[in-house]
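Undergrad: Residue numbers (the numbering used here), protein chains in the order written: chain A, 627 to 967; chain B, 627 to 967; chain C, 627 to 967; chain D, 627 to 967.
Hints are supplied without guarantee of correctness; some may be wrong.
Said to hold, decoys possible - PhoX-like mimics (lysine-lysine), calculated; alpha carbons at most 20 Å apart, straight line: (1) B:K653 to C:K931; (2) D:K741 to C:K942; (3) A:K745 to B:K942; (4) A:K850 to C:K756; (5) C:K745 to C:K780; (6) B:K903 to B:K964; (7) B:K741 to A:K942; (8) D:K931 to A:K653; (9) D:K850 to B:K756; (10) D:K653 to A:K931.
Hints in this document: simulated from the structure, not taken from any laboratory. None of these values were measured; they are calculated from a predicted model.
4 protein chains.
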Amino acid sequence: MISFECDYNNGACQEVIDNLVRYNSSKPTPYGFDEFSERGKGRIREAIGMPDAQIFFLTGGTQANATTIDSMLYQYEGVISVGSGHINVHEAGAVEFTEHKIITIADTEGKMEAKVLDKYLDDYMHDGNKDHAVHPGLVYITFPTELGTIYTAKELDDLYQVCQQYEIPLYIDGARLGYGLMAEGNDITLPYLARHCDVFYIGGTKIGALCGEAVVFTNRKAHKHFFSIQKQHGAVIAKGALIGLQFDALFTNDLYFRLSEHAIKMAMQMKEIFRSKGYQFLVDSPTNQQFVIIDNAQVDKLSQKMLFTHFGQADKHHTICRFVTSWATTQDEINELKRLL
Amino acid sequence: MISFECDYNNGACQEVIDNLVRYNSSKPTPYGFDEFSERGKGRIREAIGMPDAQIFFLTGGTQANATTIDSMLYQYEGVISVGSGHINVHEAGAVEFTEHKIITIADTEGKMEAKVLDKYLDDYMHDGNKDHAVHPGLVYITFPTELGTIYTAKELDDLYQVCQQYEIPLYIDGARLGYGLMAEGNDITLPYLARHCDVFYIGGTKIGALCGEAVVFTNRKAHKHFFSIQKQHGAVIAKGALIGLQFDALFTNDLYFRLSEHAIKMAMQMKEIFRSKGYQFLVDSPTNQQFVIIDNAQVDKLSQKMLFTHFGQADKHHTICRFVTSWATTQDEINELKRLL
Amino acid sequence: MISFECDYNNGACQEVIDNLVRYNSSKPTPYGFDEFSERGKGRIREAIGMPDAQIFFLTGGTQANATTIDSMLYQYEGVISVGSGHINVHEAGAVEFTEHKIITIADTEGKMEAKVLDKYLDDYMHDGNKDHAVHPGLVYITFPTELGTIYTAKELDDLYQVCQQYEIPLYIDGARLGYGLMAEGNDITLPYLARHCDVFYIGGTKIGALCGEAVVFTNRKAHKHFFSIQKQHGAVIAKGALIGLQFDALFTNDLYFRLSEHAIKMAMQMKEIFRSKGYQFLVDSPTNQQFVIIDNAQVDKLSQKMLFTHFGQADKHHTICRFVTSWATTQDEINELKRLL
Amino acid sequence: MISFECDYNNGACQEVIDNLVRYNSSKPTPYGFDEFSERGKGRIREAIGMPDAQIFFLTGGTQANATTIDSMLYQYEGVISVGSGHINVHEAGAVEFTEHKIITIADTEGKMEAKVLDKYLDDYMHDGNKDHAVHPGLVYITFPTELGTIYTAKELDDLYQVCQQYEIPLYIDGARLGYGLMAEGNDITLPYLARHCDVFYIGGTKIGALCGEAVVFTNRKAHKHFFSIQKQHGAVIAKGALIGLQFDALFTNDLYFRLSEHAIKMAMQMKEIFRSKGYQFLVDSPTNQQFVIIDNAQVDKLSQKMLFTHFGQADKHHTICRFVTSWATTQDEINELKRLL
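Chain A with its partners taken away, still in its complex shape:
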């Protein structure tokens, strides 16, 4: 049965496997202090145009978020996120597990608006009892968002200016970063994104890798004992080269971008198929996740033929269904979707 359930029900791209085989015949230094990891970091630094960015490899998104956020906050501080932020809803409380509060503010189609953030911070600064509240110590957004939407360059700039005004760092969760960067109409480049935040992560798991995310500190402010914090979180693997080698492959010859572009191409075809059949969408997503509103009876029928996710109820009679493409989605699968609809 064809599956549009998620973007991680597959293995790795061939170039990653090839590099893994290459690595496997070497004797790499443990804990990520090996040549593959160094080369992977070098390639990322080049891609973002920051020769001295600090880079750490972790195995997954929840781990990358919890470790990075924890490393950036004092014990009494919390992280600001929109309510629909991934850390707030789908990480089993991993941030709270590190004792930090997620302070939620309202979103607009999954995005945090500069003015909403500004209002929150302004109110906080004027609160006479602010010492009884959680201090905001970090702002968290995802690019693209949980709804598949993306920030414009202007929106990101506005947001980052608010962060800088209040001297609160900005962290961008890029679990699907490539799918955002290659999205239709996107006007943000990877170097632009890197210059408009203090730390972000480049998702590998959902784009070509077996596992692994690259956390990038853009301004040399990574915690000086980030490694120990990583270890304390159980987020260090002994054969660290395993992740480094994957980013080494993904950032060779723009592979990461080419893989992402393919997924977007498939997603836009999928979107057009649904649109042409008269389906409505929850939001207008230019990325690899499409949220289609489908009549409940039809949902049951489709479920017999393909895999997708029930994202929520649109109303009594309609379900919001999530259909996802990835770098591994084939043209045949899209054709089959068209046929089945």
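Following the hints, position chains B, C and D against chain A.
TA: Structure of chains B, C and D alone, referenced to chain A:
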């Protein structure tokens, strides 16, 4: 200058002091295993009509909340609260400090509605990814709410039925419990409240005591090692009788209710004074906290003459001001308020 | 029955009660920002000879330890203590609850030796894998120790020099500080102690107060958001003056020292009584705690007549029994002890 | 330069890579609910002779320890370990990060003795203040130990009987399990080990895998929400099959045991080489880690020629050096070692 800033800028009522002097000439067993504490617990059990309720004394509200909530949750569970709940906004992240998430849902005038809770829990139960989310393990409400409003007997019953249906315990934060029970129009008695939740606390700090809250488990389900959890939280005082003796005094001859009733009487006079001068209110509060909407220029003038709290902005030109009475508010102070307005 | 079980099975001294009654007729600003607390802090600053020491009042020893230690450590750091340190054995894991490890090293009669600490830190610094270990971030000792012994001025100076050499702050738990300062043969004054550590606390609970400990930062390095950390720990009481007023009384006219001196006088009489009857001691304690080695059969008999604590087994046939005096111990009680032995 | 520094400075064995390539052309269900993981679990269940053992795959040892231990303890409980236990010294406080204390007791050549454990638990049970102490909730040992030693079947049985007597589960960290099972003189089989504990983990990282450990609950008492706890710890990877496929390969045709056996053969040759040259050992280790005591001048010379670890100081003039073999150590490397010595 007269102050309506809060209900804890005073000492204790005379009966509490008298009992303290009595205690001071005794040799009480430490850690709350003394006769004063036992007598205090006995009087509370009598007042709520539950001879075998389990009762623990803690020093303050944030401590009582964090310790009780932590004792009731497994590590992967969170507590549901309205966004304006005290634990979510004014406790410096004390619940998250115990590694538990506060799952926020929308409120109506500070209250949690049974149908909103039901919708949340129903959605959660039907979420295919619920193992990736924080499991709801407890429902938290305050009586009265942060806005001074109170639940009706019917509303509380509805809410508790939802909790029971999903087998999730209900915890009522009663920092100002007496002021809710003695409120105008309230149809909930203390025994009724005790029968409609699994645990609640009776606030002493704001009603006649120097310090101290009594956490009451109504169904014999207190954690068997609650004492160790309390100790681990730094929430045990060596001379535990200090709190027990205060509840012993407060629950003798209905003192707790008489003190509360007085505060309500003062609050209703205050409310009438504002109303008669044409002021608007944020909500119609029947308790000791009144939220008055005042023109910014007038706020500045009033601030010269009396103490009150800026609760938030109503709009560009108006501030929501909080005026609070307590058991210690005098008729003279209310008269002075009238004169100054 | 007379009791030598502990030094907190009593109320407060009269001067504390008198000040409490005085406070009770005032309208103090909440959260410790009141005149009683300010006066209490002023008197402590004078007693230690440090006009700008930063002082915070907390309700009990475990709370003071956990909050202070947590405020001084980064998340990846731990605190060094001897294995018999109070935080390591009698605080129900309150330090670990804040996510910090207690790194234990060997003691000598309850005391930490400078050379043992130096050896540990030297090894740590030379450990090639030290990023995989907990970083030592604080040194914790008690004065007097859990065995009633005290450091000499020279020993404390040696220890503090090691701390300074490794740039690790020293924290002294003074739950029974007065009993150490007034001990026979003690050559440490309060100002000397304050100058030989970075933070310490003055115990009130066991010396004249109802509750309360004063945490003193000697070098202006208290965490700038200590209040928020305190709140997050549930360690703030609304009527903070309650503790401030007690230290105000205790540090007026050397009361704290006079109360302590009395306890020591009683303890030395008790020690002499045991010694003259031929009893052996676990250590030679010059403070208010005496650890007497008693034949098991005799222990049973004595238990019928007075209260004391079984501290541990000396050997198969003998028990280590702890006998404690306090500021509230009377000459009659000591006489009665003599009669009963 | 040849390296005996550790047992994880290599890739994976060929069978693991082959299975990875096989997996890579499939479309596996995410989060470990795939056929490779199921098959891997089935093979482990067969190998231990427990058809209904509950098995979870995690990425590394520290993560496996912290997640498993946290899942088995109530918040007020701690885990007992010898001071030299891996969790106590080389995991950057990952257990304390989950708020649990590690209660340390003395070891004998790295092993926990039944009588030492019994004494600790007996004392605890008779401690009148035990509610002020951390409750022991789990016993942790490693097999083989940090010093390379192994328990005899009798020693393990004795230890487990003490655990059962006090109703405290036993957890065995098997980061190098295979090297223990194939050790010279070992009389413990994998099924025997499984029957003499409540949970253990089979280390893959150090024996043939790229990453991954298999946590095995032997008595159906895994936490019912272990997956959520794993997620909360950041210990779930989206493509869970990555670990499952490795254990699938490792437990096919006794590969895990054959790889381990090879490492032991190499280690015993190494041991004999050192012994024949007159070197002393810290302990008599029958496993893949040899702790050789070497004159400091000689240490410097050897360091020019090969990689090994400085484990500690034996005395002023001698260092304890750790030499480690693994499944990937070659006969040529051992020959080279002989030549260089």
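Undergrad: Does each hint fit the structure? Answer for all of them.
TA: Here is how each hint holds up against the structure:
1. B:K653 to C:K931: Holds, at roughly 16 Å.
2. D:K741 to C:K942: 16 Å, holds
3. A:K745 to B:K942: Status holds; Cα separation ~13 Å.
4. A:K850 to C:K756: With Cα atoms ~14 Å apart, A:K850 and C:K756 stay inside 20 Å; holds.
5. C:K745 to C:K780: At roughly 19 Å apart (the allowed maximum being 20 Å), C:K780 and C:K745 satisfy the hint.
6. B:K903 to B:K964: With a Cα-Cα distance of about 10 Å, the restraint between B:K903 and B:K964 holds, given a limit of 20 Å.
7. B:K741 to A:K942: Holds, because 16 Å separates the two Cα atoms, which is no more than 20 Å.
8. D:K931 to A:K653: Roughly 16 Å separates the two Cα atoms, so the pair holds.
9. D:K850 to B:K756: Cα-Cα ~14 Å, so holds.
10. D:K653 to A:K931: Given that 20 Å is the threshold and the Cα spacing comes to 16 Å, the pair holds.
Hint compliance for this structure: every hint is met.
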